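As they're listed, the protein sequences go chains A and B.
So for the first sequence, the working numbering puts the first residue at 1; every next one is plus one.
So for the second sequence, the working numbering puts the first residue at 1; every next one is plus one.
FYI, nobody ran anything at the bench for these hints, they're computed from the structure.
Every value quoted in this text rests on a predicted model; they were computed, and no experiment measured them.
Don't take each hint at face value.
[Claimed, not checked] Taking CB as the label site, the calculated pair distances span:
no., chain 1, residue 1, chain 2, residue 2, range
1, B, G242, A, K222, 24 to 34 angstroms
2, B, G242, A, I191, 28 to 38 angstroms
3, B, E173, A, K215, 35 to 45 angstroms
4, A, K215, B, V172, 31 to 41 angstroms
5, B, K174, A, M1, 39 to 49 angstroms
6, A, E224, B, G127, 31 to 41 angstroms
7, B, G242, A, K247, 33 to 43 angstroms
8, A, K215, B, E241, 33 to 43 angstroms
9, A, E56, B, A59, 51 to 61 angstroms
10, A, G23, B, G229, 39 to 49 angstroms
For each residue, glycine too, the CB sits at the ideal point set by N, CA and C.
Next come the chains, spelled out residue by residue.
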Amino acid sequence: MNIAVCIKQTPDTTTRVKVGPGGTGIDEAGINYIINPYDEFAIEEALQLTEKNGGEVTLLSMGPASIEKTIREGLAMGAHKAIRLNVDKTPDDPTVTAKALAETLKNGQYDLIFFGKQAVDDDHGQMASLVGELLDLPTVTVVLELHVDGGSATAKREVEGGLETIRFSLPAVVSAQRNLNEPRYRSLKGIMQAKKKTIEVVEPALAEAHLVVEKLTPPPAKGEGKIFRNGAQDAAEVVRLLREEAKVI
Amino acid sequence: MSTVLAVADIRNGEHRSVNFEVFSAAAKLAGEMGLSVTAVFIGNGLESLTGAAGEYGIANVVVVEDPALDKFSADTFAAAIAEVAKAKGAAVVLMGATATARDVLPRAAMRLDTALAQDTIAMRADGAKVVFTRPMYAGKLLGEVSIKSMPAMATIRSKAFKAEHSPVGATVEKVAVSLPTPRVKIEELALENTGTLDVTEADIIVSGGRGLKGPENWGILEDLAKTLGAATGCSRPVSDEGWRPHDEHIGQTGKVVSPTLYIAVGISGAIQHIAGMSSSKFIVAVNKDEEAPIFKASDYGIVGDLFEVIPALNEEIKKIKGND
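Please put together the full structure from these sequences, using the hints given.
Below is the structure:
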């Protein structure tokens, strides 16, 4: 099987992010970058499929040369090679990224194209659906379980209050939800091998942006909260305030 | 006249609760922009459901009925939304940020060669432009985004907008569209019939962390949730340990929620958890450690043993509910 996994470098989820100069991006100083956590489930699923069925896993990621460090983290998990779509900055508009990815993916003859269900930086959660539409492929998002059987597959996806079971043919686009699998740790051997793996660099044509980030702001700060220190003895007072002051119960 | 489209999400023949919030938000935005507002219903057997649009201030209703829409498919529903948006010259398309909409609207956006702002919590007209506010970095920052192409599309977060009852007389128009063959087949939709409320749709959430010490202790939270008509949530370590199902996990890599009241019990308040619940309107924390970061995010904090505090809260709430 020939599998592509589209990944994104994001700040570590434990990072406190601040608005950067210019007011439309974040302050990159001191940020520890990782592979978007959902993308690790996508990579793991692709690796398990090629281990079972043979074939190769190609990582795709869009960004400047500095993201190659993160791409190599994915190669260290066991992906075979990578393609970096060279841009100075990852586009704010997911449709711009989707169009560039779709153009590159068209050249690859992939049986499956994986994404994480959303990137934990801009939280758009739409890249798989956009690329699936552009490539006119069966697309199944937020997948918790995937079974591939020859040229077709069955997936379970999460909806509010339940699961949908979906059958589709390959090639197809799938986005991974947390708990799809247990992403493997990078072994020392994997890390050493990753250094020698190829990251091909392509120069994408960028479409005009439709979505523009005009401003980033920190969320409004909470006022000083009321602290009650007498445990259960304060329960009656807290309940009274919840009703009379906060008016929420 | 161009219009603001409010797309209804119908599940099992019923409105999702966010639909009414979408109708109100669309009517308000259309008023600000001097545009008409149109509710869109897609599927079959919708007659009894379209009246809700008029109840929430929308005078124009479009119904797309087709045998091919009997069963939900993201492909056909996306095509139907795109076709209606084109036919009506939509300036804006809004839908609740349900699992369905998050999957369907990006596809519709691509079909219309425009863009989509997901999970918005506020919007305002700025001349002919709409500025959407949406949490980014799981709410650690708020982004204001605009969409230059037409229509500007957005999903709106459940509970972030108010459903305002404002009845108007509505006219219903049936629109026929040409639909593609779905690319995938939904074999089964198995809803877990636990009778519990999904955390993203709940007005009140009672959420537990490692302080509960084990899954066997969840009874006190469930009792409190029952008294309040609340959903139960949990922190990531709790779902990682398998104490609770992962669809209850609230946080940056779980569900992001904005209920009216969020009660955090035995949750210390890791930054990823705060990110998932800080947009709640009112937050109460119960923790034995006064230094726990959760208290900084809270409106009320009770320092104490949760195994005593939670049953006491439950009893007090039962008392006042009993007096209602």
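Hint by hint, here is what the structure shows:
no.: 1; hint: G242(B) / K222(A): 24 to 34 angstroms; verdict: 32 angstroms, holds
no.: 2; hint: G242(B) / I191(A): 28 to 38 angstroms; verdict: 30 angstroms, holds
no.: 3; hint: E173(B) / K215(A): 35 to 45 angstroms; verdict: 38 angstroms, holds
no.: 4; hint: K215(A) / V172(B): 31 to 41 angstroms; verdict: 40 angstroms, holds
no.: 5; hint: K174(B) / M1(A): 39 to 49 angstroms; verdict: 46 angstroms, holds
no.: 6; hint: E224(A) / G127(B): 31 to 41 angstroms; verdict: 38 angstroms, holds
no.: 7; hint: G242(B) / K247(A): 33 to 43 angstroms; verdict: 37 angstroms, holds
no.: 8; hint: K215(A) / E241(B): 33 to 43 angstroms; verdict: 40 angstroms, holds
no.: 9; hint: E56(A) / A59(B): 51 to 61 angstroms; verdict: 57 angstroms, holds
no.: 10; hint: G23(A) / G229(B): 39 to 49 angstroms; verdict: 41 angstroms, holds
In summary, this structure violates none of the numbered hints.
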